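A.B. asks: Sequences and hints are given; from them, build the entire structure.
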Amino acid sequence: MGENGKGGLDTLPESVSSQHRPVAKMGYLQLKLFKRVFNLRTARGFLSVLIFLALWQLVVYVKVPYLQYLPYPRQVAASGMTAVASWQYWADWGLSLERIFVGFIAAQIIGIPLGLAMGISKVFKGFSFPLFEILRPIPPIAWIPLAILFWPTRELSIYFLVFIGAFFIIVINVLQGVSNISVSLKWAASSLGAKPKDIFWRILLPGSLPSIITGMTVGMGVTWNVLIAAEMIAGQGGLGRATWEAYTNGNIPLIVVGMVSIGLAGYLSSTLVRWFGEKAMPWNREV
Amino acid sequence: MANRLKTALLNPQFYRAMTGIVLFLVLWQLLTGVLDLPRFKLLPNPISVIKEWFSFEPLSGRSLFTQEYYLDIAYSVVRVLIAFSLATVLGVGLGLIMGWNRIFYEFTFPIVEILRPMPPLSWIPLAVLVLPGVEVAVVYVTFIAGFFATVLNTLLGVYSIDKKYFLAARCLGSKPRHIFRNVVVPGALPFIFTGLQISMGVSWMSLVAGEIISGQRGLGYAIYEGYSMFQYNQVVCYMFTLGILGFISSAGIRAVGRKLMAWEASRRGA
Amino acid sequence: MAKGKTPQGAISIKNVTKIYDPEGVHVVAMQDCSFDIAAREFAIIVGPSGCGKTTLLNAIAGFDGITSGEIFLDGELISSHQKQIKPNVDRMVVFQSGALFPWKTVMENVIYGPIVQGTMKKTEALARGRQMLNQVGLAGIEDKYPEELSSGIQRRVEILRALINEPRVVMLDEPFRGLDAVAKTVMHEFLVGVYCTSPRTMFFITHDLDEAIFLGDKVVIMTTRPARVKKIVTVDMPWPREHHIKTSKLYLDLKGEVLEAVHEEAKKAFQAGERELA
Amino acid sequence: MTGNGQGRLSSGNFGEVRLDGVTKIYEKDDKRQTVLEDVNFLVERGKLTVLMGPTGCGKTVLINLIAGYEHPTAGSVYLDGAPVTGPGRDRLMVFQETALFPWMTVYSNVTFGCRVQGMADEVIKDKAEVILNKVGLFEFRDKYPTQLSGGMQRRAELARAMINDPKILIMDEPFRGLDAMTRELMQEFYVGLFEEIGRTNLFITHEIDEAIFLADKLFIMTYQPGRIKAEIEVDLPRPREFHMLASSRFMEIRNQALDLLYEEASKAFASGSKAAFDLVGALMASKDKCKRCE
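Protein chains in written order, with my numbering: chain A, 1 to 287; chain B, 1 to 270; chain C, 1 to 278; chain D, 1 to 294.
Each hint should be verified, as a subset may be incorrect.
What the hints assert, rightly or not - The following label-pair restraints were derived from C-beta to C-beta distances:
{"id": "1", "chain 1": "D", "residue 1": "G150", "chain 2": "A", "residue 2": "P113", "range": "48 to 58 Å"}
{"id": "2", "chain 1": "B", "residue 1": "F14", "chain 2": "D", "residue 2": "D126", "range": "49 to 59 Å"}
{"id": "3", "chain 1": "D", "residue 1": "E27", "chain 2": "C", "residue 2": "M237", "range": "49 to 59 Å"}
For the record, the hints were derived by calculation from the structure and aren't laboratory data.
In this text the structure is predicted, and so the values were computed from the model without any measurement.
Note that the Cβ used here is the ideal one computed from N, Cα and C, for glycine as well.
C.D. replies: Structure (C-alpha cells):
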C-alpha cells in the first residue's frame, strides 16, 4: 500500500487535496489540463468566447427576468475604453498589484520557513501545528475588524489581510511537501556522507519546492479574493474599490469592467507564479 | 472511544499541543491586557473575550446563552448550506459530463476557464444590483466560490481514472450508461470530495465577505456590526465561532466521503 | 456461427501491419505478422518489450485498429483496416496491472458482466459466481474489496470475472508479473485447473519462459520492432500440466531453444532503445 | 573468479558483514511485533550473497540494520569486525524505488557523495568520467532522472554508489519495477560488473530465477519472525551466462529453493498475512477430470 504513512494531516488543508492516492498525480494532471486548455484556447476558445458574448447579448435583449438589468456587451466595451484611457484606472491597477505583492511576499517569507521547520522537527510541529489548525479555518475576511483596529494605517491593514490570505495556505503546502519527501532520499543522502546542513539545503528544500509552488499558486488565487473584499470594505483606491464605487454610482457597465480587470489581474499574477515555478524547477518540466 | 482517549492522553503530542495553545493565550493576554503597549492595548484580551462569550447578560447582547447568537449562526449556516449544495449538484454534474463527453467539454470548458479567475467577491456589486434582494446576492456569491472549485476537481477526477477500467467495462459488455454509472462516477469520487473540501472552505470565506458588504444578518455582518459598535470581544468570539463552524463542516464532508468511499478506507486500512 | 455457446475461438492473423503516427513520428510497430491459433489452444506470445504483443491484443480485443492485414475469429472478420468489431464478451481481456473495479466488492466484480448484459438474473448470477469462487477455493471473500486482497487473489478474481461470461477467447497481458516465486506457481496451478475444467482459446503474453513452456501448447516468439513472427515452438506435453515436468529433458530443451531466440531479440531491442533515448 | 580489478574504479579492500544474534522488535502503541529474531548471518568478502523470503519476512529491515538506518533491539552488526553505528559510505544501498535526487542531473547525483565530502573538483570530474563510462551513461550526464528509462536510472544509482568505493554494496530488489527485457539485461550487466570488480554484494529479491542466476550463496529467510532458514551453495560456473538458466543444475537448485519457500509461504498463510493469502488456491484447488484431453 503505497500510502505515505507520515504526517497526521487528516484535517484537509485549504488547497492540498487530501491524503489518498490521487494527490500524487494532482500536480501532473493540472499541468496536463493547463496544457490542454492552452492549445484549446487558441483553437476553440475563441469560438466559445464569441458564443458567450452572443448568449449575453441575447439574454439582455430578450429581457430574461432579473438579467435584463445587465448592460449590453457593447456598453461594457465602451465604458472599458474610457476607463483604460483614464489615468485613475491604471493607478487602481498599480495600487492593487502593490498590495497583493507586499502581502503575498511577506506570507511566503514567513510561511515557507515555518512550514519547513514544522516538517523537519516533530517537536516544533507538536507545539505549533494544533494552534495553527485552530486559526486556519477562520475566514481571512473575518480578520478585517482586528486588522483595521491594530494596524496604524489602512495600507498596512490591507497588507496584513492579504498576508493572512496566503499565509495559512503556503504553510500547509510546505509542511505537506516536506513530509512527503520519501525517506529513501534522506537515507541515501546520509549514507553518502551528507551532513544535516547538506540534507536541508540539497534534499529537503529542493524536494519540497513543487509543494511550495503549488502553495504559492493557490495562495495567489485566495489573496485576490481577500484583497477585493478588503478594498470594498475598508480600502481607498484599487480595483476592488473602483468596482464598489461604480456600484454606488449605479454605473453597471463600469462594474463589469472592474470585474473583468480583477479577473485579468488575478489570472496574470497566477501565471506569473506558475512561470516562476517552471523556471525554478527545470527537472519538473514535461519531458 | 474510551481507549482512543486514553492513548491520546498518554502520548506526548497531546501535551505539546496544550502547551502551545496555553502559551499563545498567555502571550496574547500579556500583550493586550497586562502590558501597556501602544497598538496592542486596543485589541480585546482573551479573558474579556471568554467572559463575554460565556456570560449570561453579555454587553454586546450576544453570547453562548443568548438567542441572538444562535440566530446569527442559523442565518449563516442556512446560506452556506444552500449555496454549497447548489454548487455541489451543479458543479459535480457539470464536471462529470464535461469529463465524460468530449464535445460538451470543448464548448463549456473555455467559458468556465474565463469566469474562473474572477474572484467570487468581485461579483458582489453586480449580484446585489441584478439579483432580487440582498439575500439571493449573498447566496449567489457563496455559490460561485464553491462551484468553480467543484467543477475543476470533478473534471480532474474523471481524468484521473485509469483507462484500463473503461476498457475492462467495455469488454464486459457495458453500454455507455453502465460505464458512466459504474466507472466514471465512482472513479472520480476521491477527487470530487477533494473539490468539496476546498469548495466548503471558499464558500465560508465568500459568505463572510458577502454578509459584511451587503449588510445582512449573519456571522459576517455581526462581526462588522460588533466592530462599528466597539464590541471587540464579540468580534473575536464570532471569529472563533466561524473557525469552529468551518472545522465542523469540513469534518462532516470527510465523514460522508469515508462512508461513500468504503473501498477507499479499506485501501488506507490495509 | 453456431450460437450453441460451444467454445470455438479459432483465431487467424493474416499479415497484420500496424503503424503508429504520434505527432508525426512514423513508427512501424508490426510488419506482416501472421500466425494461427486453433480453437481452445493455449497460445503464448513472447518477445522484447514494444514488439507489438499488446498491439495484437488490442486489435483482437477491438480496443484499437490495424493499418493493414486481417484478423479472423472462427472465420469471421473481426479486425482490418476498414472494419473493427467493438469489444464484446467473446474476447475477454485480463489486464497486466489488474482492472478489478476497486469500488466494487469481489462478487459485484464477478457478476458485473452477466448483469450488465442482462444474460443472467441477479440471483442466478450470484449463484454462478459463488459456485465458481468455491470451485477454486476462494469462498468467503465475496464481500471484500479488491484492495483488501493480495495481488495474487485479485488476479484470480479477475480471471473468474472474465470466464463467467463464457468467452470464446481469453487474452491475458503478463497477468502474473510482479508476483513472487511462490505466488506464481500457485497461479499456474490455478490457471491449469480452470483451463482444464472448461477449455477455451488462451492468448497469453509473458516474458517468463518457465511460465511460457509450462502453460503453453504453442509459444510464438516475436522479433523486435517492426514485429513479426520469429519462431513458433510447439510444446506437446500432456494436460493437465504437473510441476514435475519442469525437470524433464524435453522441458529443458524447449526452454533452451526459446531462451536462445528471445535473448537474441532482446539484445537488438536494447541497442535500438538506447539509441532512441540518446 | 576473475582477479580483483585494480583499475581506478576500486581500491579492492572489500568488507565482510557479520550479524550476531540480531533481533528487531517494533513497538506501535501497545502492539509489539518481532520482525527479526536471533539472526546469525555472514556476508562473505568478495562474494555475491542473495537473500530471499516471503513478503513480510523482514528482508528490508535486515539490510536497513546493515546500512545503519535502523538499530537492532538486541545483538549487533559487524563490518570487518567493527560494530556498525550509523549510515556510512562503506555500506551503500540501491533502493527498490529509485532514490536518485529528481532535482539533480545524473552528473550531480553521481558526484553527490564526493562533493559533500569536499573532494577536489578535478578528482571528482575524473572519477565521475570513469564511472559514467563504466555504466554507459556518459552522454546522459546532464539529463534529469525523469528523462531516463528505468534501466538507465538503475545504472545511474549503481554509479552513484560505486564512485564512493563502498566496502559492501546492498541491492534492495532493484530490478523489481523494470519490464522483463530491461530486467534481464540489467541482471547480466550487474553480474558482469560484480565478476569484474569482485566487490562484496548483498542482493535481495523474490524472483527465484534472478536469485540463482546472480548468487554465489543463496539464503532463504523464514516468515515472521524473520530468521535464516536455509543456505544454498550456488555452484554454477562464473562468468554467468543466460543459457545456464536452461541447465539441469539450475533447475535442481530452483526446485530446492522453491520447496523451502513453499514451506515458509504456507506458514505465512496459516498466520493469515495478506500476502500469504495467495496460497489459498494451491492447497485447495482440485483438478477434476481434464476436459482438455477429450
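A.B. asks: Looking only at beta-carbon atoms, does the pair B:F14, D:D126 fall within the given range of 49 to 59 Å?
C.D. replies: holds (56 Å)
A.B. asks: Looking only at beta-carbon atoms, does the pair D:E27, C:M237 fall within the given range of 49 to 59 Å?
C.D. replies: holds (53 Å)
A.B. asks: Holds or violated: 48 to 58 Å for the Cβ distance of D:G150 and A:P113?
C.D. replies: Taking Cβ atoms as reference, D:G150 and A:P113 lie about 37 Å apart, which means the hint is violated.
The structure shown violates just one earlier hint, number 1.
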